[in-house]
Structures are given as C-alpha cells and as structure tokens.
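J.: Mind docking chain B on chain A? Use the hints.
Listed in order, the protein sequences are those of chains A and B. Using my numbering, read the first sequence as starting at 650 and increasing by one per residue. Using my numbering, read the second sequence as starting at 650 and increasing by one per residue.
Note that these hints are calculated values from the structure, not bench results. Fair warning: there could be bad hints in the mix.
For identical chains, the list gives no copy identity; a pair is met inside one copy or between any two copies.
[What the hints assert, rightly or not] Restricting the straight-line Cα-Cα distance to at most 20 Å, the calculated cross-link-like pairs of lysine to aspartate or glutamate (DMTMM-like) are: (1) K1232 / D872; (2) K795 / D805; (3) K1235 / E871; (4) K1053 / E927; (5) K909 / D805; (6) K1171 / E1231; (7) K1232 / E1167; (8) K1171 / D1230; (9) K1235 / D872; (10) K1051 / D950; (11) K1053 / E1097; (12) K1232 / E871; (13) K1156 / E1094; (14) K1171 / E1228; (15) K1126 / E1094; (16) K1010 / E1032.
There are 2 protein chains.
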Amino acid sequence: MSMRTNYCGLTTEALLGQTVSLCGWVHRRRDHGGVIFIDLRDREGLVQVVCDPDRAEVFKNAETVRNEFCLRITGIVRNRPDGTINANLKSGKVEVLCHELEILNASVTPPFQLDDENLSETTRLTHRVLDLRRPQMQNNLRLRYKVSMEVRKFLDANGFIDIETPMLTKSTPEGARDYLVPSRVNAGNFFALPQSPQLFKQLLMVANFDRYYQITKCFRDEDLRADRQPEFTQIDCETSFMSEQEIRDMFEGMIRGVFKNTLNIDLPNPFPVMDFAEAMGLYGSDKPDMRVKLKFTDLTDVMKDVDFKVFSNAANMVNGRVVGMLVPGGGSMPRSEIDAYDQFVRIYGAKGLAYIKVNDKAAGRDGLQAPIVKNLHDAALAEIIARTGANDGDLIFFGADKAKIVNDAIGALRVKIGHSEFGKANGLFEDVWKPLWVIDFPMFEHDEENDRWTATHHPFTAPKDGHEDLMETDPGKCIAKAYDMVLNGWELGGGSVRIHRADVQSKVFRALKINDEEAQLKFGFLLDALQYGAPPHGGLAFGLDRIVTMMTGAESIRDVIAFPKTQRAQCLLTQAPSEVDEKQLKELHIRLRAAEPKVV
Amino acid sequence: MSMRTNYCGLTTEALLGQTVSLCGWVHRRRDHGGVIFIDLRDREGLVQVVCDPDRAEVFKNAETVRNEFCLRITGIVRNRPDGTINANLKSGKVEVLCHELEILNASVTPPFQLDDENLSETTRLTHRVLDLRRPQMQNNLRLRYKVSMEVRKFLDANGFIDIETPMLTKSTPEGARDYLVPSRVNAGNFFALPQSPQLFKQLLMVANFDRYYQITKCFRDEDLRADRQPEFTQIDCETSFMSEQEIRDMFEGMIRGVFKNTLNIDLPNPFPVMDFAEAMGLYGSDKPDMRVKLKFTDLTDVMKDVDFKVFSNAANMVNGRVVGMLVPGGGSMPRSEIDAYDQFVRIYGAKGLAYIKVNDKAAGRDGLQAPIVKNLHDAALAEIIARTGANDGDLIFFGADKAKIVNDAIGALRVKIGHSEFGKANGLFEDVWKPLWVIDFPMFEHDEENDRWTATHHPFTAPKDGHEDLMETDPGKCIAKAYDMVLNGWELGGGSVRIHRADVQSKVFRALKINDEEAQLKFGFLLDALQYGAPPHGGLAFGLDRIVTMMTGAESIRDVIAFPKTQRAQCLLTQAPSEVDEKQLKELHIRLRAAEPKVV
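So here's chain A without its partners, still in its complex pose (with noise of 0.2 Å):
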C-alpha cells in the first residue's frame, strides 16, 4: 500500500467522498469548537485536515503536534462548511475529515516562521533548508526546473544534442579567475575548472557533432557582485552550418518558446535588432532597458566652441563625448531630485549633472532656466532644443567627459529616471518585456593602460565578412558577428560565429600580438583541430541563474539557487570553504602559503 494518494494541495472537490492518504507538513494548527484543524502542506500546496474529537485517538495524536512536524493521515475528502471556503487554494473547496493520523517525524521549533518576509539573508542561508521551504523557494526552483526542462525539449527537437564536457581541464596561461584543482597522481600539475567550455564546443564542431548544447556549471574565482556566484549554470550552445541570422532566429524561438510555455508571456516576434554602435549611441550601454522611454542626443559637435569648458573639452578630448537626455515633463522635478541625481552620476565617474530645465522655448535663452545657459552661446542652445526635440515643460540632462564616464553615468542615469515614481508617472517606463538583440560589436577594444588591443568577445570570434583585413589596417573599425540578447537591461545570453579558417585565427592573433609560440602554448589544441576541415560554426551561451532571476522577479541569484554562496563565496549551510587535514595537502603536493616564514 502506498504511503500517499494523493498530493495535499490537489486535494479537490474531484476527489470528493474518496478515502486519501497524504503526508506533508503541519503549516498550521488550529483549535477551535473543540476541533483540531490542521493546514498540511506538501510541494502542491495546503489543504485542511479536520481532526474530531469522536475519533479518540487521531484527536490524542492531533493534540500532539506542533508547526513543521511531518505527518501521514488518512481520511474522506468532504465538502467545507458553507461560508468556510478557502478561494486561495486549489483544496480551498475541501476539507479531509481524519481518520488516521500518523506522526512521521516531530520538529523542534523552527528558527523562524515560514512566513516571515523579513528574514535577513544570513538567516535564510544559514538555515536554508526551512527556507526552501517557503513558497516562493519552491516556486523559484520549480519554474527554473521548467525552464531548463523547456530548453532541453527545445533544443532536443531541433536536433541538439547534449554533450558532457570536462570539469577538470586545463589552466590558461594568464589565469585569472581560473579555480584550480591540484592532481595527486600528478604531482605539481593542476587542473582547472572551467570558466565556459568555449574551446570544447568548438572542438565538438569540428568532430561533427553539428548542433550541441549542454546546461553546465562554469566557474569563475572573482570578488562577488550582487549577481554572481563563483559557480553559475549557463546553457552552452553550438551549431555548425549556420549563418549569423539563423542561429539568432534559432535561440530567440528558445527564447520565446520559453516564456510562452512558463509563464504564458508572448514576447515580440521577432525581436529586434540594435547594432552596438546604435545601442551606445542612444542608451550609452550594450544593453540597454528599452523599458525606459528616454535616449541619448549626441550634442559633441555642437560643443567644441562654447564657453562652458566642462562641454568644450570633452567635445575637443580624444574619446570624448558630450550628450543631452531629454526628460519630457522633467521640468516638474523637484530640485531635491535633481540634487539627488547629481550625486548619483558621481558613482560612475562623472563629476556633475548639467541640466536645462525648457519653460518657453519660444522665448528662446530667456526660456531656458539652468546655471550653464549663460555660458553657451545661441546657436548652441538652438540646437540643443532642435535636436532633443524639447518642448514646454521639458528637462535636458548633460554628460560630458570621457565617452566610458559619459555612457556609464546617463546610461544609469537614464535607467534610474525611467524606473523612479517620476518616470512611472510620467510614462517614461513601459512595464512589459522588451527584448532586444545588440549585435555588429566591434572585435577589438583599445587598452589604453598598455596601448594594446584586446578582444571584445574572445580571440576566437570570427571578424563580418569583408573586415577581415580591417584587423591589421584599423582593427578599431573591425565588426565582429558578435550578438547579445538583451531584456530589460539585462544580458540574457551571448555569443558569436566563430572563427573556422586558421589564416583568418592567425590574423587574430596578429592583431592581438599574440605570437606563434605563445598562441600554440594557450589554444594549441583549438588551432591543432582547425586543420582538419573546421566547419563553419557558431553559438552563444545563456546565463540560467540570471534567465530565472528575471523571470521570477527575485531580488538576487541566490533565491534561484537551491544552495548558493554568499558574496564572500562562502556556504553558511555547510561551513565550506573550510581548512582541511595537512594529510590530504601533503598528499596533494601543496602546503599553505600562510606557514611560509616572513622575512623582516
């Protein structure tokens, strides 16, 4: 006989007059008119259990428990009383009269109540158990089961294939951020954990496996930010034979697929497309939040000969970039918010907020009411409104410094305005999902600290047809098939076609003054295996954990992962990292640093 029927919170009026056994946890107990009535609650939710006091024995035992202990009982599904209906539940029609109660196990009391919401996350890590425990835990955990469920079925039925690829692998040379696993057998070597399995996919290419994916653990030691985790689980992808546009359609139907068969959201089809050069234009960021209904005007031709120096020399500077955000009906913003916004682009490098708020622009400079009007002259404030389109009532932001400083302090700026009780009210912020692909990025970026270029993506992204000889003559022009897919301000996924042909890899590398010797000691095996025939091929890679994040609302990773790590990368559940035996180091070939002697 099965020690369960039926789950607790499918208990239905389906079920009505049968006789069910169910097990689950005590949510709550009540006693009232000399009636026990218990809330049990399985993973499918709550249902009540009524515990009579005719029935001696079940009332015996029913007096006996507390919150949280785990109990089987057996009885008849009945109609509730008239008036006692529960719409909250999917049991909430019902109720089962017991006929056998059973204490699986008792509980001590909880540290805290399920349904407390203001648990500090110290508290909620350290007993994560009772924690997942909570409903939203085992919502989060469910919809990211349905979503990697819904990706696999996806992929599976276009013909993906899941491959494993390795844990322990191989350190790149500079290694940063790389976790390292010491080998016992042999001594002195390391393995690493892998940051993606990039190289392998490739490889898995050029062996013909054709279209791969995998859902895997990717490691990365970096001091922690709100939304990393020194492990995270990105879904892998790979396909060979497939031009830039059709790998895109390809994961933005996953993508779709995803959110329709979930959460029953229809996202644009298709999504579209921004090339980065646009994207940072009009948003200052690679992925902007198309929520918010505010953009960039580029304003630094117009600058170079005002007055006011803060604009002149950015508009002069090498790399420098002047620009305005119109904020339509910003003229009402209270100087308390605007006092609070200055000093919230200081965060991001920026050493003020310039501003114009529009009262008459018919009135032309005598309309405009800001400190820095007096200090450019007609023709600039002309185009300014001309070009910002601003009108009565409006406010203009200005950034000026630095391109980076620029972008990073309105782009946030631009975000922060489109998300405050301002821009709501003044329908700047649009509550729906707005994906977006940013693609076209260019395949190299300046170093200006060592005056070098470096890859945008990664040394193995393959340069838009015709740019190949733009890597030697001006890699800084050089568009690479390079793709984000964006929502919300986030980055959902990345990827690129990769390079197949080694004369074109070797033009890479040139770029990157990467010579042979040091080319073959860091990817030989990838070079080694483009000589073969590597097809054409491409790919992109999704981040789980942030795809989850999003889409249950959480306020961190952590609350889409079942056992995740503080930003101190630490487990508070099971005290790890944690120190080990000088036995197991001395089998491992290593001794801490610590017991080394100081030199004075």
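T.: Only chain B this time, still in chain A's reference frame:
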C-alpha cells in the same frame, strides 16, 4: 538562404529530383571513368556526390579536394544507376549530381584513416577531435544523449524535478579521494568537489522538494581502474514518502523504458530480486552475472573433518568457506584449460584450484578422478555429488579459504568459464540482458584490521523495520534497506531508504563508534535538518557512463565520454593537468611541496 537544406546521411529517394544543399566532410574521393565521386559525410551519414567534367568549375574544385576537406555542395538528387545501389546506406539508392561545390575549409592529411580499427588509445585520445568523427564514437555519444534524455522524460513524467547542487562544497573530514579547490577569497580554506550529492539530496527532501533528480558530475581522486574516471556522471534521484518497493518499481520502470526507447530491447518485467545473502551464497558476488549458468554449492559443513587440510582448515576457520562449483560437461575440459584456471584464481588470492572429474558416479570413489579424492572420506564425497547434483561427465571446481577469497576467486572463475568458448559451447552462457535487484544488504561490515564496524553503504542508510535494536545487540545481523540494480554482472546503480529520524541516526553513529562531536563536525548540517520533521525518504544513483558503456558494448567507459582522462588521470588532448604560474599559486595562498627544502 540556408547554408544547407538537408543532411547528407538523410538524403533519400524522398528527395528525388529536388535541389539540395549539403555540408560535410570528404570521406572518400574516387575518380572513375572521368567522373569524380565524393562520399560526403555529416553526422547523419554518407551520400554520394557526382562531379561531372561537363561542369568545369565544379570539376576543377572537386579535383583539389582531399579526405576530410569540409565542403558545401548544391545539386540535384537522382537515382543511382542500376547495380550501384548501396544497401548499407540510408542514402544508398540515390546520388547528388553536383552543380556547385564550395570548399568551406581544407584539411591537412589526417594522422590516421578514420576507418582504421587498430588505433592505439593514445593516438585516439591525442587526436580526439578526429577520433570523435568516427561513426562508432558518433553513435556512442548520441546514444548517451538519448539515454539521458529518456531518463529526463521519464522522471519529468513522474514528477521529479532537476535541482542543481553545489560543485564547490565541503571536504569531509577523512576526505580521502576528495578533489580540493583552494579558495582565493578565504585564505587557507578549501572547497571539495562532490563525490556525490548525497547529503544535498537528502536536504532537498527535508526541504519538501519531494522528488529530485540530477544528472551530474561527481569526482573521486583515486587510482584509476579500467572503468573509472576522475569525473563521472551520475543519474542521482531521491524521493520522499515512498517505500523501498515503490522506489525500486519506479526506477526499474525507468531503466526498462530507457532500454526500450533507445535500443528497442525488452528487459524482463519485473526484474528478479535476490537478497544479498543468496547472491553471495550462490555466486560469491553482490553483482552476479546471471547470464552464466553456474553456481556455488556450499560444502563448508561437510569439510570440517576431512583429511585434506586445505578444505578442513578453511571449513574450521572463522569466516572460512568451502564451496564446489559444478561445471556440467566439464569432464571434457582439457588439462591445459584447468591449469589456466588454476593460475587465474591465484590473481584473487586463492592458493590453488582443486577439482574432481565425475567419470562414473555409480562407481563411487573409484568413479571420481582427482588428486584430492584420496583425502576425502566417503561421506564427504557422497555429499559433494548429492549437493552439486553432479552427473557423469561433469567437473566440480572447489574453493576453500577465507570466505572473501573463495567468493572473489570462484566468483571470477564462474564468470570466466561462462564467457569462455567452453562455456558458450556447453550452454553455460545465455547471451541476453539479465537484470537483477540485489537487496537486503547488511548494515555493517566488520573491519577486521581495526576491529570495528563500518557502514556497508553509508551511515544514512535505514535498517530494515524491526532491525533497529540489532544495531546495538548484533550489528552483523542488522539488514539495511539498501538495494543495487545489477545487469549482466555490472552494478548499474544502487541506493537505499535513508534514516529520517534523529534517534535512529544516533544508534547508527553509536554502532560505528562515531561520537556526538565527530558526528556534528562531519554531518552537522544534515543532523540539524533531521530535527525539523524530516520526511521518510530514499533514492538511488545510477552510473550513466557505465550504463551507456554496456548499451553500446564499448570496451571502456572512455569510449562513451567525449573528452576522457587516461588511467593516469591526464587529458592527452589539452595536456591537463599542467603546471601553473607562481602568481596563481600565490593568489590561492598555496605553494608546491616540491619546493620544500629537504632536511638532511
């Protein structure tokens, strides 16, 4: 326009007359009667491409291609001429008359022919990318994918959800076999890679996830035997509120479904069930190969008073055992074969291999042929014949020693004879799939060296109902709710019902002489969780690598893993593990022990 419209291997008569674009590799090029024939290969197989000299450009290109060049061709599907149909290919009735031929990528000459059957494993693993192009490896990894996807579909349909558990976790205090990962952020501390998600999956049951699974990497740093890898993949499952029988039924159904839906093999329904004691008694193994029609006959009690010291000593020894193994028709076995078996059992610690040939059992002692006969009294000989059921023309092998040696040696001999030419010719081997549940394992094994009890499975395994007190009074008699699924002599998976009550867990720790402090240190977070109404739960784990190895008939699990390690735990493709920079070690607060000055 798509780079390709169809797969080479799926180009069949259904496409006759159509123009197709195919991408793939030159498997073979033949010039015949002024026409060039290219067998083009993709992951679905081969198709014949015909390049006529009257299409000059195509022909010119075709002349330059060599094996493993990567091509894109466009052409018209037409019937092959009569007499040239290849019944071994899906595409064997058709060929593609090539109109366009683009060389997507050239190939240098491969270091070996892909269809060479005699490659060394070193060659194969060094050039793994080419090795993976071989049909056998393509099939192995695709079957592996199908198996894992069938598992997911089955578990999904049964309400199991995939939940990821940490890869960076805590080292267990004894820590043998743990791979360690030094923490950069937490100096002097180490993560361990999981040997299994055992404790986490139990925590998930306490956390009300009810039915969990994961197909996940596990790690064990041990000397590598033929069928082990440092990282291996487990199908890890756990469920609450199910009995042992229900759990076994569930997962038996899963494996039956996997075999049916991938290889169209019908495994028996239900699987036979045998308890541990019977398995050891009859086959000397807890994973008997049931294809072999040989079994042990226990003779320990019969041999206590015989003159033959090898038998009587073993029969009177603590933990001694004497068995006979009847080999029907074995009387015809040549002396050389018997001698070879005598050598074989010595590998397992046996000191020799006694036997009796039954020439004429009606003749009593005189009808039995063997040196040992003269040292066995009449009653013993009669009992040997009676118990084994020997007939004229049969042979009986004997094992007499400590039980462990007898079981290992005669158990291995049983399998060896069964699989031998002799065994197959004499009906001692049935070439079918023979699954089996082995259940009722002992809770504890006695560690003679340290005179203490150790857990046979792990210390969280529940004792059989009613056996709780035996843990203290007679641990050797205490039976566990543990079970292994065995197929053709291999353990596919195993598991148990777990302890969900803290008081029972304490009894186990007492039996294992683990004191409270030690228990808290080792398993504190599990013990803590058990206090909060832990539900009855249990589960099991299957070895995916091994299942797929069996299903493919591969010689090694390395043939079902894309990028395996050698038996020296090295990756010949990437050269992992490798040396790392001093800078990296410094960041991780460790240094190499080799650098330690030796004290002379």
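J.: Now tell me if each hint is right for this structure.
T.: Here is how each hint holds up against the structure:
Only between protomers do K1232 and D872 lie at most 20 Å apart by alpha-carbon distance; the minimum there is 17 Å, versus 30 Å within a single protomer. Both within a single protomer and between protomers do K795 and D805 lie at most 20 Å apart by alpha-carbon distance, with minima of 15 Å and 10 Å respectively. In the homo-oligomer, the alpha carbons of K1235 and E871 lie at most 20 Å apart only across protomers (15 Å), although the nearest pairing inside one protomer, at 27 Å, exceeds that limit. Proximity of K1053 and E927 under a CA criterion of 20 Å is satisfied intra-copy only: 15 Å inside one chain copy versus 75 Å between copies.
With identical chains, the CA atoms of K909 and D805 are at most 20 Å apart both within one copy (18 Å) and between copies (19 Å). For the homomeric pair K1171 and E1231, the shortest alpha-carbon distance between copies (17 Å) is at most 20 Å, but the shortest distance inside one copy (33 Å) is not. Only between protomers do K1232 and E1167 lie at most 20 Å apart by alpha-carbon distance; the minimum there is 18 Å, versus 37 Å within a single protomer. For the identical chains of this complex, K1171 and D1230 are inter-copy neighbours only, at 13 Å across copies versus 34 Å inside a copy, given an alpha-carbon limit of 20 Å.
In this homomeric assembly, K1235 and D872 come within 20 Å of each other (Cα to Cα) only across copies, at 17 Å, whereas the closest approach inside a single copy is 29 Å. Taking CA atoms no more than 20 Å apart as the test, K1051 paired with D950 passes inside one copy only; the shortest distance there is 14 Å, against 93 Å between copies. Taking the shortest Cα distances, K1053 and E1097 sit within 20 Å of each other inside one copy (12 Å), while across copies they are farther apart (71 Å). For a Cα distance limit of 20 Å, the shortest separation of K1232 from E871 across copies, 15 Å, qualifies, whereas the shortest one inside one copy, 28 Å, does not.
Taking the shortest alpha-carbon separations for K1156 and E1094, only the intra-copy value of 16 Å comes in at or below 20 Å, while the best inter-copy value is 64 Å. Proximity of K1171 to E1228 under the C-alpha cut-off of 20 Å is restricted to the inter-copy arrangement: shortest distance 13 Å between copies versus 33 Å within a copy. Proximity of K1126 to E1094 under the C-alpha cut-off of 20 Å is restricted to the intra-copy arrangement: shortest distance 10 Å within a copy versus 71 Å between copies. Proximity of K1010 to E1032 under the C-alpha cut-off of 20 Å is restricted to the intra-copy arrangement: shortest distance 12 Å within a copy versus 117 Å between copies.
Taken one by one, the earlier hints all hold for this structure without exception.
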